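Enquirer: The lines below spell out each chain.
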Amino acid sequence: MRVYELAAELEVTTRRLIDHLRARGIAAHSTATDISRENVLKVRGDPPISDRRRRGLDAGQRLRGTSALSELLLTDTLPSLNSWQANPVPAPTTPDLLKNVRRLEVVYPAFRRHREALSLLGSQVVYATCISNNKGAESGLALVRFSGAIESAFGMTREVLFYYTPHRDLQFRDFKGARVALRSLNREVTPDLIFMCSEDERLDIKLDDWSKLEFTAIPLSPHLDEDPLSVISLIRDHIFARDLFYETSPVKGNRFFGRKTLLQSLRDDLNHQRVPALFGLRKSGKTSVLYQLAEELETPSTVTVLIDLESLPSPPDDPTPDLIADLKTKLQLQLKAKKQRTREIAELGNQPSIVEFKNALQGLLHRLSDDDVQVVLMLDEIEYLTPSDRVDIEEGDMPRIAQLLGALRSLVQENDNFTFMLSGLTSAITESGRLYGRPNPLFSWAKTHYLAPLLPEEADELARSTGGRMGIELTDGALESLYEASGGHAYLYRNFASFVVSSLPLDVYRRRIERSDVLRQSIPWRRSIAGNIEEMLAHLERYYPVEHILLDILRESPQDFAEISRAEERAFNHLIQLGLVMEENNEIQLNTILQIS
Amino acid sequence: MTKKDDYVADWLRDVESHSKRFSVLFVQLGAAHHPVRTRLSELQAKHVTLNEYLTQSSEGEKKSSGLVVIHDVADLAGKRQRRMGETRAQVMADLDRGDRFLLVSESCRGAFPPVPGSSLIEDAKVINGPMVPNAARVDSQRLSGLPGYDPSNGIGRDELLRAILADSDSKLLAALEYVCWERFESPRSSLEILSAQDLVDLRSSGLVQLDDGLHAWTVEDCWKEFRIAVADAVSAMTAAPVGIEDIYRQLWEIERMLRMMIGSAARETGGNHWRKSLFSAAEQEALVESARRDTQPTASSVADLRDPLEWLTLTALFDLRINKQLGDLGVAKYFWPKLASDLVPIRNRIAHNRIPRTGDQDAVRKWHTIICRGSSPGRQSP
Ligand SMILES: Nc1ncnc2c1ncn2[C@@H]1O[C@H](COP(=O)(O)OP(=O)(O)OP(=O)(O)O)[C@@H](O)[C@H]1O
Ligand SMILES: [Mg+2]
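Chains as they are written, first to last, in the working numbering: chain A, 10 to 606; chain B, 698 to 1079.
Hints in this document: simulated from the structure, not taken from any laboratory. Predicted model only: the values in this text are computed from it and were never measured. All residues carry an ideal CB built from backbone N, CA and C; glycine is no exception. Incorrect hints may appear among the rest.
Stated by the list, open to error - Example chain A residues on the side facing chain B (calculated, C-beta under 8 Å, incomplete):
1. 186
2. 392
3. 543
4. 551
5. 556
6. 558
7. 576
To be verified - Listed below are several chain B residues computed to face chain A (Cβ distance under 7 Å; list not exhaustive):
8. 783
9. 786
10. 814
11. 829
12. 893
13. 910
14. 1059
15. 1062
16. 1063
With the hints as constraints, model all of the structure from the sequences given.
Expert: Right under this line is the structure:
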């Protein structure tokens, strides 16, 4: 029997059948390939490959756990209802829950239709309640646990909130209300995705406007099509439309991955009042580490102040007055949030001198130490204090910067409840013996850390988890190729993943990235990102001149490099620590992002 | 709305959906896309100028403004970078609230000065203005794919080319001069020698487009006219490019330093009669000739010149170091060839009053740090 004949019999496309045959290890090169009788029998015995035409639920059919799941993997047309039921959730039986469900159904008849459609999909309501606002209107909340098949196809792992609002003209505050309700549930629920039901005719448009990547509300029409599969289409259209990989702002919390050892040693440094300094390439994830660290340090008695120096003036203009003012405001704000008084710095004049500022801080810290309050100051984008491309940072005329850093240093030495840390591109601020015509107060005192690329396993976790939330599965081969092409650079890695995702078809029900998908996009991606990589290198050229030349030499005459790297030990170490070159079995290699394609 | 304009509406829809994915978009709408500017008002968005954006603080407001279109971001190009930092800080804060941004600029990305760290412009996703679909083009010229091409209103090929080049960044002009006139490349091969950053800018300015995933000139079928337009635009450039003063000063210092380093080594090696022993008779004659033409009309031999080395070109000076085995002079030996190959072309460009190219400023600054501030560990103090 030929492929096309069997396809016709099984009511599937030949393409699909060929894929299926291959997956079964049966050779099939074209639609005309002859398939042995034995194999025909095997395939006939398989669960349906795709039965678009037999959509309805076959009541007598038993749910087929794994084989139904494998069907999902094989198909890109709408899989049958029963495959979505695989690994169903048991229907609720507790009287309390049933009572609440019925009550919600009375207030919102649409809820009943939704619940019925869900239960045909092996999914159940596990919690229901009504809450009334001060005007007596009632919102409905239900938590739904989806079937195992749906959860795995769309990367959901927890209960999902279905929110019913009485308002016909949905307002932003209703949307916010849903978020608040979600948080107040005190249960392990999906934090970034809800369904929202309202009679508002512009529900789709409004929710689309208000939804952000970190929080998506899927519009659920009260008049949703009877067919339970329309719930699936709805989920697909919204979850697959997200691009959680593309992200240019710093991340923290559940969007932050890896860096465990680094965070541990930074915490250690701060606990022991060593001043850590974190350096890394552009977009390597420095600010994210600071955000994450601040979050991890958070206790009722720790005050963390993060200052981004970029919005302040930069030499040759004197940044210190603005920096002091900024510090003062932020510190006051944070202290007030912790119910601490701020008298000492509040009493400071308008333009305090560095000495006045230091003394005020000294007094404040002294008092805070009685309450065991710790203060941690984080200065990000430190190159704004030392723009070595613009001023001579060793001998240039900006003594107040050195003075201020000196004051911070003595505050650390004199108080056991204060410390600070730095972060930026260039390590000159800790490695140069002199700073603005004085001995550098941070030289061989601050502890330098470099931010290397993500490790392969950290990147894998990032991709698996982020992909999962968009219903995307990545094969090991795909992960390997993603890492290889981006060199593990945090931003580039995500950028590439996002690029690959945008090339995936949207009209499938199972999204999966394989090595070949990644490889196919790798050249177009490199082309799209080439300008950004050049810019990153331009930053390196500005702040690490010797390192930049070494990279050139490594590219142009790798045979000389070993010798040169020994002579330029410090610069070579920087390159290794920044992850721009790798040393493996005595061989030195450029990070793949720097290799010309 | 006429049929020809429908593609703009499509493009606006794309902008809207891109903004949801990428949060901050940068688009250059220069001469090539001029008519598109007025259509931006159709975007469901908050439309502001940079000044308005920075002054009408939306602080305290919890609700997102959705899409915010800032219409004159080009104001940040060439301005003091503090403003850029302020704008970025504000944008970052508003992003947290869920705002999305379209940064509209008449200038390309390359025209914005580099900032020390995070950069609003560098981090924005670049999108390009729309192209007129084939069916709606007024004629068969490739340029007619640009919305700004409008012969019936007096903006034909030459006018459009002139307008695009007139608001090009100086570095981009220099790159075009290089491929069109110095290298004399064919349109296709020229695309391979342009830097990736220049290509991004050429695309956003409308001169290059993506064809089947590959770069292609929109001026390919009028290359001759384009070259002439480039020549005219380059000659017409009289305002000093941004950063020229730094390049100039640093080159001057580097070269003085090199002349001092090589000169004193040469004098030492050459002994008392270094003037004569360093140079062959023919070389001596050439040096004296140069001096006579310039500052010392009466000089008759190298002995009359205060410092004959001053009359050597930079290249000849580098050669002297090698030929006379003057040593590495405190600069790591493998740096010398790179120093020469990096610096000589830039130095010649500047010396001949030509326009600096993308990367020149960074390269000069890098060597200045190494040679004049001795920041290289490879440079042992003499
Ligand atoms: N640990 C991480 N986990 C996941 N994503 C990360 C991580 N670190 C960085 N990223 C990604 O990289 C991007 C850049 O991160 P971040 O802004 O922290 O880098 P940076 O080094 O501070 O950059 P800049 O040079 O702009 O200051 C983030 O938007 C995020 O997408
Ligand atoms: Mg940062």
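Enquirer: Each of the hints needs a verdict: does it hold here or not?
Expert: Hints and how they fare:
Interface restraint check: residue 186(A) against chain B, minimum CB-CB distance 13 Å, threshold 8 Å, status violated. Checking residue 392(A) against chain B: minimum C-beta separation of about 4 Å stays under 8 Å; hint holds. Checking residue 543(A) against chain B by beta carbon gives a least distance of about 5 Å; that is within 8 Å, so the hint holds. Below 8 Å, beta-carbon pairs count as interface contacts, and residue 551(A) has one with chain B at about 6 Å; its hint therefore holds.
At about 10 Å, the closest approach between the beta carbon of residue 556(A) and any beta carbon in chain B exceeds 8 Å, and the interface hint on this residue is violated. Taking 8 Å as the C-beta contact cut-off toward chain B, the hint placing residue 558(A) at the interface holds, the least distance being around 6 Å. Proximity of residue 576(A) to chain B holds as hinted, the smallest CB-CB distance being about 6 Å (cut-off 8 Å). For residue 783(B), the shortest C-beta to C-beta distance to chain A is roughly 5 Å, which falls under 7 Å, so the interface hint holds.
Restraint check, residue 786(B) versus chain A: the minimum CB separation of about 4 Å is within 7 Å; hint holds. Interface restraint check: residue 814(B) against chain A, minimum CB-CB distance 4 Å, threshold 7 Å, status holds. A cut of 7 Å between beta carbons decides the hint on residue 829(B): the least distance to chain A is about 23 Å, and the hint is violated. For residue 893(B), the interface hint holds, since its Cβ comes within 7 Å of a Cβ in chain A; the closest pair sits about 3 Å apart.
For residue 910(B), the suggested interface contact is upheld, since its CB lies about 6 Å from the closest CB of chain A, less than 7 Å. Hint status for residue 1059(B): holds, given a least beta-carbon distance of 5 Å to chain A, under 7 Å. Nearest Cβ of chain A to the Cβ of residue 1062(B): about 6 Å, under the 7 Å cut. The hint holds. A distance limit of 7 Å between C-beta atoms decides the matter here; for residue 1063(B) the minimum to chain A is near 4 Å, and the interface restraint holds.
Checked against the numbered hints listed earlier, the structure breaks hints 1, 5 and 11; every other hint is satisfied.
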